[in-house]
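Based on the provided sequences and hints, a complete structural model is requested.
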Amino acid sequence: MLENFSFRTIVEYLPLFGHGFLATLWLSIVSFAGALAVGIILCAMNLQRSRLANVPAKIYIDAIRATPLLAQLYFLYFGLPRLGIVLPELVVGILALSLNSGAYIAEIIRAGILSISRGQVEAGIASGMTYMQRMRLVVLPQAFRVTIPPLLGQAIVLVKDSALLSLISVSELTRAGQLLASDRFMPAEGFITTAACYLILYYGLKGLAALSGRWLGQQSVRSRT
Amino acid sequence: MIEFRGVNKWFGALHVLKDITLNVEPREVVVVCGPSGSGKSTLIRCVNGLESTKDGDLVVDGHRVGDPATDMTELRAEVGFVFQSFNLYPHKTALENVTLAPIHVRKIARSAAEAAGREMLARVGLADKFNAYPSELSGGQQQRVAIARCLCMRPKIMLFDEPTSALDPEMISEVLDVMVSVAEEGMTMMVVTHEMGFARKVAQRVVFMDAGAIVESGTPEEFFSNPKTDRSRAFLSKILRH
Amino acid sequence: MIWQQFQSLIGSYPLALRGLGMTVALSLISLVVGTLVGFALGILRTGGNQLISRAIGVWVDLIRGTPFLVQIFLIFFILPELGIELDAFTAGIIALSNLAACFICEIVAAGIRAVPTGQVEAALASGLARWQRMRQVVLPQAMRMSLPPLVGQYVLLIKDSSVVSAIGLTDLTRVGWLVVQRVPNGLLVFAIVGIGYFVVCYPLILLARRLESRMGAAHGEVQL
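One line per chain: the protein sequences are A, B and C, in this order. Just so it is clear: in the first sequence, position 1 is 1 by this note's numbering, and no numbers are missing. Counting from 1 along the second sequence, just add 225 to a position and that's the residue number in this note's numbering. Counting from 1 along the third sequence, just add 467 to a position and that's the residue number in this note's numbering.
Be a bit skeptical, because a hint or two may be false.
Claimed, not checked - Calculated lysine to any residue pairs in the SDA-like style (CA-CA distance at most 25 Å, straight line):
1) A:58 / C:531
2) A:206 / A:125
3) B:381 / B:288
4) A:206 / C:531
5) B:243 / B:405
6) A:58 / C:565
7) A:58 / C:615
8) B:463 / B:447
9) B:381 / A:134
10) B:317 / A:145
11) B:279 / A:58
12) A:206 / C:565
13) B:317 / A:116
14) B:381 / B:357
15) A:206 / C:680
16) B:354 / B:288
17) B:453 / B:435
18) A:206 / C:517
19) A:58 / C:517
20) B:317 / A:49
21) B:317 / B:393
22) B:332 / A:141
23) B:279 / A:141
Calculated directly from the structure, the hints in this document are not laboratory data.
This is the structure we're talking about:
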């Protein structure tokens, strides 16, 4: 029963959780940066008219979306050594998260770009802008605003997904919980503390999303009386 | 200045422009009217290549539209286009809206472009709105910014696609006044509109379209007092009844 | 050598089928339970009772804010401490159903909130009772809006079921993990595992896309 829930043990393990918290935080940041890069490249390919560019991007995006991250993670973890590529678990984990989230981010950016009305593009065309000028001056600045909230949503998903890296024994938050659970046979203490740490990250990102939403809202109706 | 010779266009199976032949002289103002779906918007959208044509020739300011050898961005810089729905850039202020293309397409120095932009905005009566965003402006003010945005490119031709039909009635005249002053300065203009007062005042010619074809063309006087076809009579009776 | 591996893989097809069966069973059961509970929660969430609505909101936030893996561990290791004995399969079903219910609750609530107030007022004016308003007027319209994200949620559910392998259930992912210990070719083994999921998930993804574009057309959003 939970009446002998031991806060003392949690305090004892606090440094481990602190380390796990920071590890999850920074590996999420690195993975998200990687995912943004992957997403931008995929999206640029997907928007090309040439089939040579857009078909591979579409296949990649669909393949990622239709299979679980865990299977993708194992694919890299067990598969890369087969190709003679031996990487530390942490790097494999970051790679898997970036490649996975990148596919979702590509779709978010694409939706942002396609949400810009045809009239905006036509106004650019009519004033003699080239394709690149229209993208840079008219479409992307507007799409950027639209994509911030869903991108933060994707960041939340990524932080939670990073828990799976514990299954290839990357030392991060969930791993810390597993260690406490198995060393002391205290799963309640271990996993409740882990969950609490994730909630801190979750509410932090959620707050950021709300803040950006308000900021963006202000921008669009600035001081309308 | 603008010459259509036997131009046709299809949307799928729909024949939207039928054998259009029309010549707009320099400094001429032509009003295009007709029932909705008659192809009048499509007609002027072809002039700057927002729509492509199927066959026939369309020559604008000496350039053949649709010819791969024609640099369309160069041509479009010479042709201003005012949209029914304004299409101002919502993330830019009024001044940024009017200077964007001069700076990036014409490659004019920012300071010079801004000076010209202020002058143009003042000319359309918006000297106090340089730093306003489109969402802070009324429809009439937005459309006047859109006209200033075209004028800042110093175009040779201006096209207007139903510039007042998205506006509340009390804002229509402020936009028409600006258009009249542009016309009086000798701009070559094609205007799709049902504002017959505007047509009477500045147009040299009214072109009436129906079902993708030009049905009738003449001076405003002839067209309003003595329409030649049943279709134009029916159309006029509908829009003049109010 | 590749050929030998192939033969060895073909030899393990009964295991693979069992894994696929487990994945489908897990997904299907929690899909049904999660949908039913999720709809009930969604209706309560938008109902008049502030206390119930808040409580559901907090629970949904807790579930959305923590990794599914941690939720499974909590259920599998802690419920027994509370005196509830359960096997891995039951734990997996509980965790998946709960997850699905929470996400579906939010989808349904968003759908209900998106129904214009004029619709509710019209129903009020014509004298429909509370439950009639919900059943005849609000829910049918909310459903149309919720359908595409609902199908998308089912895809997520099927994929999340792979995480249940962490507590030892022999689903498709676990089978891959077992086989790769004997046949050391991770690329091949997990490509086949991936194809297994793809075959189940991809039709649903296509369906969601179709529903979405049809709705867009019905609302007249696609115009020039």
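### Hints not upheld, ascending by number
1, 2, 5, 6, 11, 14, 15, 16, 19, 20, 23
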